[in-house]
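K.L.:
Take a look at the letters that make up each chain.
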Amino acid sequence: MNATWSRFNIVSIVLGFAFLYLPIVLLVVFSFNASRLVTVWGGFSTQWYAALFRNQGLMDAAWVTIRVALVSASAATVLGTMAALVLTRYTRFRGRVLFTGMVFAPLVMPEVITGLSLLLLFVAVGLDRGFLTVTLAHITFSMCFVAVVVQSRLISFDRSLEEAAMDLGAPPVKTFFQITLPVIAPAIISGWMLAFTLSLDDLVIASFASGPGATTLPMKIYSQVRLGVTPEINAACTILIGIVSLGVIAAAIVNKRREVQRRRDEQAAMRLD
Amino acid sequence: MKSLGSIRRDFAPWSDPQAKPYIRFENVTKRFGDFTAVNNLSLSIFEREFFALLGASGCGKSTLLRMLAGFEEPTSGKILLDGQDLRGIPPYRRPVNMMFQSYALFPHMSVEKNIAFGLKQEGMPKTDIDRRVAEMLKLVKLERFASRKPHQLSGGQRQRVALARSVAKRPKVLLLDEPLGALDKKLREETQFELMDLQQELGLTFVVVTHDQEEAMTMADRIAIMDKGEVMQVATPAEIYEAPNSRFVAGFVGNVNLFEGSVAERTENTARITGGSGAQILVENAGEAAIGNDVAFAIRPEKIRISSRKPQDAVNALEGEVYDIAYLGDMTVYYVKLDDGQIVRASMLNAARIVDDPLTWSDRAWISFRPDAGVVLTR
Amino acid sequence: MANVSASAPAATPAERTFLSRLISGFTGRLLILVPYAWLLFFFLIPFVIVFKISLSQSAISMPPYAPAIDFSEGISGLWAALRELSLDNYLWLTEDPLYFNAYISSVVIAGISTLLTLLVGYPIAYGMARAPASLRPTLLMLVILPFWTSFLIRVYAWIGILKPEGLLNQFLMGIGVISTPLVIMNTYTAIFIGIVYSYLPFMVLPLYSSLEKMDNSLIEAAQDLGCPPISAFWKITFPLSLPGVIAGCLLVFIPAVGEFVIPDLLGGSQTLMIGRTLWNEFFANRDWPVASAVAIILLLVLVIPIVLFQHAQARAQEQDR
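Chains as they are written, first to last, in our numbering: chain A, 1 to 273; chain B, 1 to 379; chain C, 1 to 321.
For the record, the hints were derived by calculation from the structure and aren't laboratory data.
For glycine and all other residues, C-beta sits at the position ideal for the given N, C-alpha and C.
A couple of the hints might just be wrong.
As the list claims (entries may be wrong) - In silico PhoX-like cross-links for lysine-lysine, where the CA-CA straight-line distance does not exceed 25 Å:
(1) C/Lys213 x B/Lys113
(2) B/Lys337 x B/Lys303
(3) B/Lys113 x C/Lys235
Said to hold, decoys possible - Sample of chain A residues lacking proximity to chain C, with all beta carbon distances greater than 10 Å (derived):
(4) Phe32
(5) Ala50
(6) Trp63
(7) Leu70
(8) Ser160
(9) Ile189
(10) Lys256
(11) Met270
Modelling step: build the complete structure from the supplied sequences, incorporating the hints.
P.N.:
Okay, here's the thing in structure tokens:
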């Protein structure tokens with residue numbers, strides 16, 4: 001319906017995307033500013049990037065963040081996929097209502113509450129705060145996001161595929177690994193990516209759950225931002241934005257390619273008839 | 001409804017040169033980018049006519065309907081309704097209403113509210129609206145379902161709500177886009193007659209788009225056969241079937257056998273056609289075909305006789321072998337492979353329960369037909 | 001099953017079903033048990049602890065509250081600890097107007113921001129849903145993309161724009177609209193901007209999905225029956241998009257009430273929001289029991305919208321099936 005894509009629609013989309021992207025674009029532009037004053041353009045320079053890599057504190061924090069994100073995303077993907085399977089496949093077991101609630105509540109729970117409650121748990125059981133506690137905290141809230149992503153794929157999953165596999169003699173566990181898992185793999189991968197970025201981005205929960213020696217990058221950035229805007233932070237943010245955008249866009253392109261290829265194959269196959 | 005037959009028999013404004021068309025498409029073209037959906041098309045539809053646009057999907061029939069409703073504007077050409085040029089008039093100000101293929105019932109409104117929707121837009125007083133809605137519900141026999149939501153209705157009931165909603169405003173013209181497409185076969189047949197009765201009762205002009213030839217043949221006063229954005233033929237159902245004007249129309253409506261050949265001899269009415277293998281047939285209704293023209297003689301299967309011996313009195317008789325037989329109960333269809341290789345379809349009504357001389361697979365057989373049993377096609 | 005039948009080749013069909021049932025029953029139970037236990041331990045129990053500490057007294061020790069349950073004393077220790085619990089912290093919350101005002105102001109700010117986000121998000125979602133089908137996946141990705149970039153970074157980006165000598169003021173003064181810098185930074189306006197900006201994708205996505213699956217012939221039918229486009233929007237499009245509106249509003253409102261980063265970075269010290277109050281109570285005042293009480297009350301404030309959200313979620317799922 002091209003006719004209904006009126007001028008109003010185009011204007012609202014353009015303005016909307018300008019609003020969404022202009023702040024980020026400005027941030028990136030001013031990371032290449034030669035002047036120390038963040039908002040006055042003083043010529044092009046990459047000096048802040050160089051300064052960034054000399055900043056040992058930031059580099060350490062970045063390394064901690066990446067390790068936390070890798071471990072927690074992987075664990076969260078396994079747990080989240082299991083939770084999604086339970087939500088879609090086991091409609092009747094004792095405590096299902098509570099389970100559903102526990103999966104969905106963290107999605108909308110204010111981060112300050114999640115962070116506070118986890119911290120109090122770690123204190124109560126006497127776990128020293130550090131790398132382990134941040135990772136555990138991140139697993140807990142990102143597994144719920146993974147569960148939602150995988151669940152939405154499982155709902156549209158054609159169960160006759162599994163029935164066919166079992167009919168052909170594959171037992172349930174084998175059926176899961178040979179049929180179900182490959183089909184829902186794209187959802188699991190995007191669940192992992194989501195968990196990874198959530199962990200990479202998190203400030204509030206990490207602030208509660210982490211202790212000395214396990215300062216994450218957002219915590220480091222936050223403590224510097226409170227002191228004011230600096231081009232160095234702009235540079236750090238630009239790198240983070242760059243990595244995440246590259247990852248997301250690459251994933252989108254791979255998906256699109258696969259889709260196009262599949263459609264081409266289908267058309268070619270049709271012509272064989 | 002006794003008088004309906006006689007009304008319908010006498011109704012033929014298209015053959016009256018004095019009659020003014022009610023809807024007129026004049027050289028209408030509609031392009032979507034590179035794709036030409038409707039190509040320089042002209043067409044007249046008369047008041048109170050039940051007019052069908054018949055064609056395969058993508059032939060431009062729906063685009064034609066949507067231009068009449070105002071959802072699309074023609075790229076060039078004019079559409080006139082009762083003498084008024086419709087260009088630039090938005091759909092909500094046109095005196096036509098449409099029944100959508102998907103029914104497009106508003107899911108958040110009850111049956112009553114759906115039917116009243118158009119009347120409210122006119123600013124009709126509430127008591128009048130209530131009366132009209134009650135009338136419409138009675139017309140489509142849905143009085144008991146007034147307060148139901150669309151998803152609580154069966155397919156047939158939804159169809160009737162959509163119909164009631166689109167006629168509630170008493171439009172000058174009712175447009176129906178595949179009105180029976182979503183119903184099962186039995187319901188479709190019943191509803192066809194209901195639609196015809198309704199059209200007579202309300203005295204409206206109906207323009208219906210369909211891909212189902214049986215539906216068009218049953219309901220319409222006239223049918224326009226469309227292909228690739230053009231009208232191939234506009235005529236009554238009987239004319240379309242018995243006197244198609246082209247190979248396309250002959251093949252599109254019903255089953256047909258085409259004998260290709262060239263005109264060898266020509267009198268005022270008859271023509272002798274020589275086929276590729278030398279077989280000759282003598283036909284009437286030769287129309288414009290001149291000597292040397294490549295033509296096709298089109299003949300329907302039920303107008304061909306089949307026998308095991310050569311018929312004595314037949315003007316046209318060709319020999320072949322029974323290639324395939326399809327027994328359909330009311331009739332049997334024989335596929336006869338002629339000696340020149342062409343396969344001819346002949347259908348025999350099974351009037352008697354037991355046939356004395358049954359033909360079977362691989363039997364030698366003769367087909368025969370009268371000179372006036374088909375038409376000569378030049379296009 | 002292959003392994004089982006290999007070790008017991010003579011298994012009768014009845015035995016085989018029994019064995020496979022046993023195995024699938026066991027894996028099934030394991031499948032439920034692992035995530036269930038994890039969530040119980042890391043999600044539910046922490047709340048019980050928060051609740052318990054909210055009833056305790058602040059103390060200068062580590063952990064900084066009393067009584068700490070001493071498990072070595074067994075049941076009697078637990079009982080002794082229980083007797084010391086009190087509602088003092090909750091009374092304290094009602095006595096000090098700061099907390100009450102912070103709750104009210106959080107709900108009001110979140111409410112206003114949610115409405116603003118709806119106003120900004122609806123036209124975008126509508127435009128996307130009406131865009132050519134080939135363009136829609138790209139537009140969708142463009143809406144989701146900012147969500148993948150750090151929340152903190154996106155809020156930080158606004159500091160450089162909104163501050164008195166920032167880019168917005170430079171721009172407006174440059175084109176001569178204003179002569180003195182607008183004070184936006186460290187005001188509620190800055191918080192509104194920050195929330196609308198950060199949560200816009202949460203609003204646009206559910207709106208888009210409810211608008212996109214709407215049948216265009218409904219609008220055409222309304223127009224065909226004499227309804228002009230704007231009126232058709234209010235009578236047909238908007239009512240049918242209500243599930244998306246509700247989902248979007250809850251997705252923005254609920255986290256916005258407890259928001260910490262935005263009021264902290266953009267709102268300055270003058271603005272009052274409960275998430276910040278909790279943070280300060282915990283990190284600055286080190287009063288864990290009061291912070292816990294604040295959290296419990298905040299949770300109660302949010303229970304209604306969260307239940308509503310779950311209800312809407314379950315209904316949407318049922319419709320999909």
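K.L.:
Which numbered hints does this structure break?
P.N.:
The structure conflicts with hint 10 only, although it agrees with all the remaining ones.
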